[in-house]
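Peer 1: Residue strings, one per chain:
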Amino acid sequence: GTQEGGSKTTTTEKTETTETTEDTAETNDATSSDLYDLAKYKSTKDKKDWTIAVVTKDNTANWFKRMEVGVNEFGEETGINVIQKGPANADAASQVQVIDDMINQGVDALCVVPIDPGAIEASLKNAMEKGIVVITHEASNQVNTLFDTEAFTAKDFGAALMDSLAKDMGEAGKYAMMVAYTTSTTHMEYANAEYEHQKEAYPNMELVNDGAIPTCESEESIDTAYERAKEVLKANPDIKGFTGVASTDCPGIAKAVEELGLDVKVVGVGTPNEFKPYVESGTISTVKLWDPKDSGYVMCKVASMILAGEEVGEGTDLGLDGYNSVAMVQGDNRCLIGQADITLTKENINDYDF
Amino acid sequence: MGNILAVKGIKKSFGGVHALKGVDLTIKEGETHCLAGENGCGKSTIIKVISGFYQPDEGTIEINEKGYPVMTPSEAINAGVQVIYQDFSIFPNLTVIENLAFNQILANKKKLVNKKEFRRIAEEAVKKINFDVDLDALVETLPVADKQLIAISRALLDNAKLIIMDEPTTALTKKEVKRLFEIITDLKKNGVTILFVSHKLDEVFEISDSITILRNGENVITCPTSEMTEEKFTYYMTGRHFDTNQNKADMEKNIGETIMSVKGLSAPGFENVNFELHKGEILGVTGQLGSGRTELSLALFGLLKPTAGTITMEGKEVKIPNVSAAEKLGIALVPEDRLTEGLFLPQSIIKNITVSKMDELTSKAGILSNKKVVEESAKWVKDIGVATKNHEFPVQTLSGGNQQKVVLGRWLATNPKVLILNGPTVGVDIGAKYDIHSLLRKLASEGMAIIIVSDDIAEVIATCDRAIVMQGGRVTGQLDGSELSNDSLTSATN
Amino acid sequence: MMAKIKKIDANILRLIMILIVFLIIACVTQPTNFMKADNFRSMAKQMTEYGLMALGVGVCMISGGIDLSCVYIANLSGITAGLMMQSMSTTSSGSGYILLSVLVAILVGAACGIFNGFLISYLRIPAMLATLGSYQLFMGISIVISNGSTVSGIPEGYTMWGTTLLAGIPFAFVVFLICIILLSLIMSKTRFGQKVYLVGTNAKAAKFAGIKNNSVLIRSYMISGILSAIAGLLSLARINSAKADFGSSYTMQTILIVVLGGVNPDGGFGSIPGIAIAVVILQLLSSYLNMFPNISNYYRDLIWGVALIAVLILNFVTNKRKQARLAKAS
Amino acid sequence: MKKLKNLTKQSEFYVFIIIVVLSIIIQARSGLFFANNNIVDTVRSMIVPSIYALCALLSFVSTGPDVSFPLIAALSTYLALITTNALGMGESMVIVFVFAIVYGSIMGALNGIIIVKYKFPSLIVTLGTSSIFSGILLGAFEAERMDLPAGLQRMGKASLLSVKNAETGLGSTLPMTFLILVALYVITYLVLNYTMVGRGVYAVGGDEVSAERAGFNVKKIRFGVFTANGAIAAIGGVCYAVMSMRYLPTEYAGGEMIVIAAIVLGGTRMAGGVGTLKGCILGTLLLTMVSNSLILIGISVYWQKVFIGAIIIIGTAVSALQSYGASRVKSKVKEAA
Ligand SMILES: Nc1ncnc2c1ncn2[C@@H]1O[C@H](COP(=O)(O)OP(=O)(O)OP(=O)(O)O)[C@@H](O)[C@H]1O
Ligand SMILES: Nc1ncnc2c1ncn2[C@@H]1O[C@H](COP(=O)(O)OP(=O)(O)OP(=O)(O)O)[C@@H](O)[C@H]1O
Ligand SMILES: [Mg+2]
Ligand SMILES: [Mg+2]
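Chains as they are written, first to last, in the working numbering: chain D, 108 to 461; chain H, 23 to 516; chain V, 23 to 352; chain B, -6 to 330.
Just so you know, not all the hints are guaranteed correct.
[What the hints assert, rightly or not] Simulated restraints, written as ranges between beta carbons of each label pair:
#1 K350(H) with I307(B): 34 to 40 Å
#2 S117(V) with I106(B): 53 to 59 Å
#3 M110(V) with I307(B): 33 to 39 Å
#4 R347(V) with K401(H): 24 to 30 Å
[To be verified] With a straight-line cut-off of 25 Å between C-alpha atoms, the simulated DSS-like cross-links for lysine-lysine are:
#5 K237(D) with K149(D)
#6 K226(V) with K341(H)
#7 K237(D) with K147(D)
#8 K393(H) with K211(V)
#9 K234(V) with K394(H)
#10 K350(H) with K464(H)
Think of the hints as simulated: they come from the structure by calculation, not from any bench. Ideal placement from N, C-alpha and C gives every residue a C-beta, glycine not left out.
Take the sequences, apply the hints, and build the full model.
Peer 2: Structure follows, in structure tokens:
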């Protein structure tokens, strides 16, 4: 269609290569090396005609509702057309469908929070080949993305979680880990990072079950988190710390700890409002998080800067606190890392409302 | 005395089958009225209309001179009508007590369960017929005869004014039948009216005061029993004068060498059965419901695993582990219950006929030739005279007799050496019944060996050269051609 | 002849009509975004995977059962192939090892299907429960062999099939079409297909007619397993990875598709082309809904549920009329 | 003696044996199973599944599978919460339950109408309505996690019983919802066993035609069962919210299959007519015990699904083969009279 042509005048050769993908593998390789050339993504369209699509894991979750606030804020501020879409089911296959549909609708930029980065590589590559700006979040190992924006890296985040836990439990004793599913990629990354960091920095601490990661799964359910936590605590009553990286984990763990009447420090990831009661009662000692509103805003911001042909890289100011001078790390991808981690404790949790 | 029941002009059809074409039935209070007719003439259907289970297409029902524009099962029960259904109508998953007590409790519109009352009703019910059964047993674990006795005792309620018995003796031994008749006499003394459905001559004459005979969904005659003779009875039922011997004499006797011989065969349901079957011979196997005849036919067809004994086909001892093995040996079975065992009701006539021949109609490449399938089915539809307009129609649109012909055609298509038929004419109208009997005799005269499993004594007499009688899982009698008569068979089976 | 076509295709005609009406609506409301080759290409790829599984579920449902495990058979097969390719790509050259991995994956799918069939036929476990149990089992095995993580690092020599176009049509969709055609032939033109219908109509009568029910059931579930394995392989190529819980929402979706496609949930009736058209309708619908930023994707469930029940009722009413007509005719 | 023989005929008996054996194994491996706190924990975990098990039992016994109860639970709880919030009646927990029951019954009645009127398979109908309810909940209402009104919060915090393990010092509390479970089971038990409607549920499932002839109103009974299922599901839904201390819209879906597996393990016959509350409890206990003890006995997280799948398959195979065997028990060959 005309719209498509208009939006991608700079990348016409590329669009042609995709049309003839059957050629050979080498052609693909040749083009894909250019895929990361930001200049090619500069849009000739008027800013008002850009569409930036944010694809989340699950639009019903509070976390992503909060993200939508940031996304909409960005839209209102800049007048750029932004949409946030989630899959009909929180599973990777459905997310791939949404991404593919967005690509076909000719959006100019795609900002994705992947359920499973591995599952969407091919779709994102396809998007980039079509000249669509691709930005990801919570996917430090995503290959087919121009920038992955993070409040910080999974490794740092895991380490920070471990630091908090270690501090709270006095750097010694047994601890356990919960993730949503063993198949949840980012959760497993955090969990692994925590463990690595503990082995390096806190030799007196010990992960239960001889370091099996994770100790248990919450299956994205607070009630299951509670049940499993109780089981773990019963099997290991000498546990001193517990971490949970899904937002469902810590409330469940904390409830179990309170009910069992144990002195276990709970540290994990989640949203302030949900954790407030347990933080106030002292069961959850530290909550680590970043503000999804900012992440949403930042993804859109980076996308719009690329569309506008502006430079993005080490030290770029993305216009929000914590992202005023991002660091760029080159790993599996180019990762823009802010200093936007939030550490919530009893003292400051009331400053946040989401 | 007045009429306890008067139904007039009842019409009822199922899809295309006109089961009742305007039936009248009037029963006087206190009498024992017999409703007779061949299989499939509509006896059970008229009963279900009276009991409110079916809504008639046309016609009126009066009980005790009160009209019921729309009859429902509970209204009928409240009006004092109790039915012993032919299929027993029991709850296999529940205990004997509940099976016995439900009707009365529901009729009394009780909402709550009082276990003591349940037990009392049940005890009373079984006491009436001296029926010895574990009241707490689940009905599905009981033998067939007990199920029938449950159905009978359940109907003998205190408030019952009209008890309808639809072939209540099919699974009973002679002793039990005798007991049932005593009960009926007692009930009669107490002013209860009985509608007794049967096509067994001796039973009808022994118990009834008057008789109504149906044929093909129509009234033929109603008269006092005293005015009826056996000969007339048979004639009214079948519409023709029966000369059984003539039928058999007509055909060319052509009994050849032994094709199948069964020695000491036992399986769950029967024990130590021995017989020989010859080419061109029709062997009858008769006995009551639950006597083991069905199981015997299943064992010969690979559907029931024998626990002892041997089967020899054409001189070679054979094992029949499954149906296709039976098929390879040239054994075919037309099963007892054509609706659940014989037919794929919603599928086309073509599919139903050609199912056993699919292998032969398939090309080397594995493709089923549509043309051959249609031709094959058309051939059999024509040969055995299935009345239908379109072979693509689902088989459920056919009448009972034509449905049975479809099953028969399916197995004749495999050109079997031994053809076993279990209840070949149950629910089949007279015309079709006659056709089927002639066809069987023709097949036998061409050398096919046939086993007919049937409790229809007239059928056994009309078609079989020899018969074995089973009771309680054992062969209790053997009757050869000359000995085959109504009396001899009737006394042997009871 | 005319009457015959009419009779066989009544349901399919109805589905095609729905499809056309839908396309017209889409054309009018979203002319630029929806109606373009790229969109159709990506829809074609997406529908292939659950479409193949729906075909398998369809066969099982026609045989009188159901298969809830196909998604996890697909994942297990995909993971098996992925792990084999991963480990052999460093040591092997050429594409022989890819072919071997594909074959092994299909065998895994077939084995899973046979396992289901065995549970259902010989052990007489109701299909719903048997495949419920086996889905946990297959998923569990996938988690164990993949450690729960994404299996990636699939060699280019394999993943290129995910982007290959044949005459402008995605390779995966061509595979889907071939499977539809083959399965349609199997179900309508072979002995086996006829037996599946008959067993599904009345298993007892089938036994009395000499059909080996157990073998028919095992083969039906094996077909479902193989189709699922192909789906798993195609998704491995499309997304360059495989994972134990990929596509978990497809299970219910496939059942809805199959019923919408005209398969009788009690068994015995239904056609493969009907299922295929239902797959297309679902895909169009969900892609279409994605065109509207303000319509939550969860509305799809609503529309889908309403459609399912409406179609059931519609079929009920038309069947009743048809029977009345037949009764009159006979 | 006869009692014992009868006992061995019931599948409940075999489930009970499996439970005993498993609990001994768990006790031996972890030393924790029979601790008072573990027992209370297990009971707590069983509360919501056992409530759902009632829905599954009633529908299987009378008609066929019902898979819509998790979404009826989710949607009716949500609607009850927003109505009470809107009316400002959050102080009373009873009102929330009443609203939920009303909403749940309406949804159940919808299932009932379609199933009774058209005689469609209940599996497909409830699958369809599930999909509709999910669309309404997450699409139309965009339901999200919610805090509970004050009344329910109080209920969630209150506890019926607290135990403390003298040895380990670990405590456990039994929530108030346990009372609801007990009440539901008592009511269901009384209705099923001491009312004609309850016996009708079994009669209809045993033989529909016989039931109609005996004078049961088959349609009303089936309709009633599905309506009641809606109400029970709604109660389960609110209980779940109370026990998690908040309303979690996405945590409901997907629970149906395990519940169905549990009741079939407990001896409920998929073909209808057979199933007991005892079996429901035992089946649910077995699956809860298994899934709540895998960590205790040290099975790796990665192997848990394999174990659960295997238990379902083995358990259902045993009960399927046993009931097949029972149906093959032919009348014994009688001595010729
Ligand atoms: N539900 C039904 N659907 C279709 N046809 C039926 C139905 N019930 C009965 N028929 C047909 O109606 C006719 C009369 O059946 P009915 O059962 O009343 O016969 P019957 O006289 O009781 O025979 P039998 O002696 O075998 O019991 C038969 O042709 C039968 O096939
Ligand atoms: N409980 C029952 N309720 C209704 N009908 C029954 C029942 N039991 C048996 N029947 C009818 O009787 C038929 C035969 O039952 P069953 O196999 O128990 O005895 P049978 O085979 O007729 O007797 P035999 O053993 O002499 O062959 C069944 O196909 C069914 O139609
Ligand atoms: Mg009859
Ligand atoms: Mg019989």
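Peer 1: Run every hint past the structure and note whether it holds.
Peer 2: Quick rundown of the hints versus the structure:
no.	hint	verdict
1	K350(H) with I307(B): 34 to 40 Å	holds (37 Å)
2	S117(V) with I106(B): 53 to 59 Å	holds (58 Å)
3	M110(V) with I307(B): 33 to 39 Å	holds (35 Å)
4	R347(V) with K401(H): 24 to 30 Å	holds (27 Å)
5	K237(D) with K149(D)	holds (13 Å)
6	K226(V) with K341(H)	holds (22 Å)
7	K237(D) with K147(D)	holds (11 Å)
8	K393(H) with K211(V)	holds (11 Å)
9	K234(V) with K394(H)	holds (23 Å)
10	K350(H) with K464(H)	holds (23 Å)
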